[in-house]
Structure formats: C-alpha cells, structure tokens
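Engineer: Sequence:
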Amino acid sequence: MRWDDGLNKILYISYDGVLEPLGESQVVSYLDRLAANNKIKLLSFERPKDLANRVRVSAMRDRLERHGIEWVWLRYHKWPPVVSTLFDILIGVKLARAACRSDGIHVVHARGYVPSLIAITARRGGGAKFLFDMRGFWVDEKVEAGHWKAGGILFHVGKWCEQRFFRAADAIVSLTEAGVRTFSTGGYPVREGVPVVVIPTCVDLQRFTVEEKDSTLSSKLGISGADVIGCVGTMSGWYLRAEMLRFLACISQAFEQARILIVTREDHDSLRRDCEAAGVPQDRLIIHSAQFADMPRVMSLFDAGVFFIRPSMSKRGSAATKLAEFLACGVPVIINDGVGDSGGIVAQQRVGVVLDDLDERGFDSSLAQIRTMLTDSSVRGRCRQTAEELFDLQQGAERYGHLYEQLTKAVSHQ
Numbered sequence: 037m038r039w040d041d042g043l044n045k046i047l048y049i050s051y052d053g054v055l056e057p058l059g060e061s062q063v064v065s066y067l068d069r070l071a072a073n074n075k076i077k078l079l080s081f082e083r084p085k086d087l088a089n090r091v092r093v094s095a096m097r098d099r100l101e102r103h104g105i106e107w108v109w110l111r112y113h114k115w116p117p118v119v120s121t122l123f124d125i126l127i128g129v130k131l132a133r134a135a136c137r138s139d140g141i142h143v144v145h146a147r148g149y150v151p152s153l154i155a156i157t158a159r160r161g162g163g164a165k166f167l168f169d170m171r172g173f174w175v176d177e178k179v180e181a182g183h184w185k186a187g188g189i190l191f192h193v194g195k196w197c198e199q200r201f202f203r204a205a206d207a208i209v210s211l212t213e214a215g216v217r218t219f220s221t222g223g224y225p226v227r228e229g230v231p232v233v234v235i236p237t238c239v240d241l242q243r244f245t246v247e248e249k250d251s252t253l254s255s256k257l258g259i260s261g262a263d264v265i266g267c268v269g270t271m272s273g274w275y276l277r278a279e280m281l282r283f284l285a286c287i288s289q290a291f292e293q294a295r296i297l298i299v300t301r302e303d304h305d306s307l308r309r310d311c312e313a314a315g316v317p318q319d320r321l322i323i324h325s326a327q328f329a330d331m332p333r334v335m336s337l338f339d340a341g342v343f344f345i346r347p348s349m350s351k352r353g354s355a356a357t358k359l360a361e362f363l364a365c366g367v368p369v370i371i372n373d374g375v376g377d378s379g380g381i382v383a384q385q386r387v388g389v390v391l392d393d394l395d396e397r398g399f400d401s402s403l404a405q406i407r408t409m410l411t412d413s414s415v416r417g418r419c420r421q422t423a424e425e426l427f428d429l430q431q432g433a434e435r436y437g438h439l440y441e442q443l444t445k446a447v448s449h450q
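Residue numbers for the sequence shown, in my numbering: 37 to 450.
Hints were generated in silico from the structure; no laboratory data involved. Note that the structure is a prediction, hence the values are computed from the model and not measured. Incorrect hints may have been included.
Unchecked claim - With a cut-off of at most 30 Å between alpha-carbon atoms, the simulated DSBU-like pairs for lysine-lysine come out as follows:
{"hint": "1", "residue 1": "K195", "residue 2": "K178"}
{"hint": "2", "residue 1": "K185", "residue 2": "K195"}
{"hint": "3", "residue 1": "K256", "residue 2": "K195"}
{"hint": "4", "residue 1": "K114", "residue 2": "K85"}
{"hint": "5", "residue 1": "K178", "residue 2": "K114"}
{"hint": "6", "residue 1": "K185", "residue 2": "K249"}
{"hint": "7", "residue 1": "K130", "residue 2": "K256"}
{"hint": "8", "residue 1": "K185", "residue 2": "K256"}
{"hint": "9", "residue 1": "K445", "residue 2": "K130"}
{"hint": "10", "residue 1": "K114", "residue 2": "K130"}
{"hint": "11", "residue 1": "K256", "residue 2": "K178"}
{"hint": "12", "residue 1": "K249", "residue 2": "K178"}
Stated by the list, open to error - If you anchor each label on the Cβ, the simulated ranges turn out as follows:
{"hint": "13", "residue 1": "E213", "residue 2": "D395", "range": "24 to 34 Å"}
{"hint": "14", "residue 1": "G258", "residue 2": "S120", "range": "21 to 31 Å"}
{"hint": "15", "residue 1": "G187", "residue 2": "S220", "range": "32 to 42 Å"}
{"hint": "16", "residue 1": "D400", "residue 2": "A313", "range": "47 to 57 Å"}
{"hint": "17", "residue 1": "S220", "residue 2": "Q384", "range": "36 to 46 Å"}
{"hint": "18", "residue 1": "K445", "residue 2": "S325", "range": "45 to 55 Å"}
{"hint": "19", "residue 1": "R407", "residue 2": "E247", "range": "16 to 26 Å"}
{"hint": "20", "residue 1": "G104", "residue 2": "G315", "range": "12 to 22 Å"}
{"hint": "21", "residue 1": "G162", "residue 2": "S220", "range": "27 to 37 Å"}
All C-beta atoms, glycine included, are put in the ideal place defined by N, C-alpha and C.
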C-alpha cells in the first residue's frame, strides 16, 4: 500500500542497529523529530545479542510506532568478514528496492558507506533522490585501523564505491567542516549544485542538562566532594586507551583531591589491570557502567571529561558524540588535537583543554590550564552555551528536514 501523498516519503537506512546506544542516540532521536513532517520507513541491521532482548525490541518498536515510523530490521552478520557484509547488502537491496517501488519513496537517506551501496542500487530505475550521510571517510578508516591493506583489492573496490557515492549524491551531509574541506583537496567528486551540509553529532538538550551532582550516586561511588575526572563510553578502537590511562595517572599525581571515574560497558577487570599498569592509583579509581538512559545523571558527576582519539586523515570527518554530551551537561573536556573540528571548537569556545602532544611533556604542560579550568566558575555556562549553539539535536533535525524538503521538491519537478 502506498503512503498518503501529503508527506515527504523517506527510506532511512542504517547499518548501526537502533537497539544499540549509538543507534538510539544518533538515529532514533533524529527520526522521532523528523517523523512529524515526513513519512519514514527505517531499515536497520541489528546484532543478534540485541535482538535476543525481546523487551528491548518491543519497547523500541512501540516508540517508533508512536511516531508513525515503520521499522524493518535485518540481522547483522559479522562472520565471515566481507562475505557477511556482502550478504547483508544483498538482503538490504532487496528490501530497499521493494520499498522504493511500493511506497513511492522520495528520498533514500543512507547513513554511512554500506547503506549508501544499498541505496544507490535500490533506487536504480526510480525517481528517488540519494542523501549521502557519509559519517567520515570510511575506506581510509579501514586502512588506518589495519583492517584493509592500502592498495589492496578491498581498498580499490571501496574507493571505487566511494567515488560513485559522491557522483550519485543529490545531497551530502558531513559531520565536520574539516571533512568538507577535504573534498576538494582529496579529489572527491561533488557535482555542481549539490547541497553539502555540515551536521555534527548532536545531543538532546532536554535530556542532557546542567544539573547539580547527584549526591546519592556520588556517595555510592565514593566520590563525594572530590574533583572527578575521567572517561565515558568506548576505551578502545580509535580511542587511545594507553594514552588516556597514562594521562589519568598524571592527573591523579598532580591533583590529590581528584578521583578517576571511568564509565564504560567494556570489560572492567581488563580495564582495571590496564589502569594499574599505567599508574592510576587503585584506591582513587572508580569503574562503573550505566545504561544510555542514565548517562545524563552520570555525566553530571564529572568536573572534566577526557578522551583522546587517534588523529588521521580519515578522522577529519569524524565527531565524537561524547563531546556534545559532556558540553550539554556543563562539563569541560580534555582532548587531543587533529580530529575533525573538535580541537578548534574547544579552544575557541574556551570549554576545555586541547593537548598537542600525548607524551609526558604534553601532559605536564597541560596541568596549569587544567587547574585554571577546574576553578573557573563560568566554564559550565560556556559549555552549555556551546552545546546549544552547535550541537542542538532539534537544530540538527531541522537541517535534515530542510534537505528532505529540497530533495522531495526536486522529485516532484522531474
């Protein structure tokens, strides 16, 4: 059955599952808002462990249905490498092509490279427009992470696909201005007249707010009255775990009243051993885990959030969600430079400390700035203001909505 003709008809494809915290934060939160003026079909790839939680699946389906979003999920396959992804793509193309034909889709919104391959194949022969929401330079990320060999078959196939995405795109979304600047210098073929919009990873400012520290939770964790410095979320992959832990050891030596808090779903025993090896005092270390729904309350416990990401060419197009979340909670950050727009934003808005070097000399030279930051009574207000100006989820959704409107009008004039 075709949808009513009065609304923009959007097929949104995400290779990240919406049952995961990232998918809930960076996919569903946007779609909740976009569904007010658009008819949306969501195609996502969900991990088996998430699908096993039937209560969670039912709750997500109910949430999406309340907003009028039709959710179709496919099982994500990880093994064997490459073959499993190709299988996912083939099944995704079949479903997406059927949707484009039966539902009169105006815009196929592809979040990332794998969804983009599904999108440009599925819309072939139809009138749907292709929104390339690139999320960073994925092929280069694969090489820099050591998963693919530079110059190898997968690299060349990936680069060929990437060129097709840029040439086929009717609109492009980048997470960063630094990523957009790379288009011209890196030989990425953007067609003349194609809108290119920067929409960073945004945050729900109604959920992530500036609050007083939760005294009950602070007491439970043993951090009452202390300066709390530490990390949330992922501590591996592109995040420089060893450097972050060595820095936290440096902080614990320089600030006697500081407590090191790490909130993560990663293995706590392994992390505790790594902290001890790095020199973080065990009696001042707290490792905690929290659900996505509890993160605003947990993040408000921090006096400073720390995250270091490996800088590289591909990371020019990346933006860490936790930057927006910390700032929305009024928490300044301590980060390294060379990753997307983050360093420039933190320095220009005076909402934290940016380290040029992640060695002992770099750590030591940052301590005076950190001491000043921790005693700055106005820094929380600047953090919140920066989040409102740059990372407001409502504003991000409105930018996507404007693109949907533009592209739908272009379809009607074909």
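Engineer: Taking the hints in turn, state whether each one holds.
Structural biologist: Hints versus structure:
Proximity of K195 to K178 is assessed by CA-CA distance (about 11 Å); at most 30 Å being required, the pair is judged to hold. Of the supplied pair hints, the one linking K185 and K195 holds, its CA atoms being roughly 12 Å apart against a limit of 30 Å. A C-alpha spacing of about 51 Å is found between K256 and K195, which places the hinted pair above 30 Å, so the restraint is violated. Pair hint K114 plus K85 holds up; C-alpha atoms about 12 Å apart against a cutoff of 30 Å.
Of the pairs offered as hints, the one joining K178 and K114 holds, with about 15 Å between alpha carbons and a cut-off of 30 Å not exceeded. Taking the CA atoms of K185 and K249, the gap is near 47 Å; set against the 30 Å cutoff, the hint is violated. Simply put, K130 and K256 have alpha-carbon atoms about 51 Å apart, too far for the 30 Å limit, and the pair is violated. A distance of roughly 48 Å separates the Cα atoms of K185 and K256; the hinted pair therefore is violated under the 30 Å criterion.
At roughly 26 Å between alpha-carbon atoms, K445 and K130 fall within 30 Å of each other, so this suggested pair holds. Restraint check for K114 and K130: satisfied, since their Cα atoms lie roughly 19 Å apart, inside the 30 Å limit. For a cut-off of 30 Å, the pair hint linking K256 to K178 is broken: about 41 Å separates their Cα positions. Of the pairs offered as hints, the one joining K249 and K178 is violated, with about 40 Å between alpha carbons and a cut-off of 30 Å exceeded.
The beta-carbon spacing between E213 and D395, approximately 28 Å, falls within the hinted interval of 24 to 34 Å. Range check, G258 to S120: Cβ separation about 44 Å, and the 21 to 31 Å hint is violated. For the pair G187 and S220, the supplied restraint of 32 to 42 Å is violated, since their beta-carbon distance comes to about 24 Å. Look at D400 against A313: about 20 Å separates their beta carbons, and that is not inside 47 to 57 Å.
Between S220 and Q384 the C-beta distance comes to about 23 Å, which lies outside the given range of 36 to 46 Å. Take K445 and S325: their Cβ atoms lie about 46 Å apart, and the range 45 to 55 Å holds. In this structure the supplied range 16 to 26 Å holds for R407 paired with E247, their Cβ-Cβ distance being about 24 Å. At about 53 Å, the CB distance of G104 to G315 disagrees with the hint of 12 to 22 Å.
Under the hint 27 to 37 Å, the C-beta atoms of G162 and S220, about 31 Å apart, fit the expected range.
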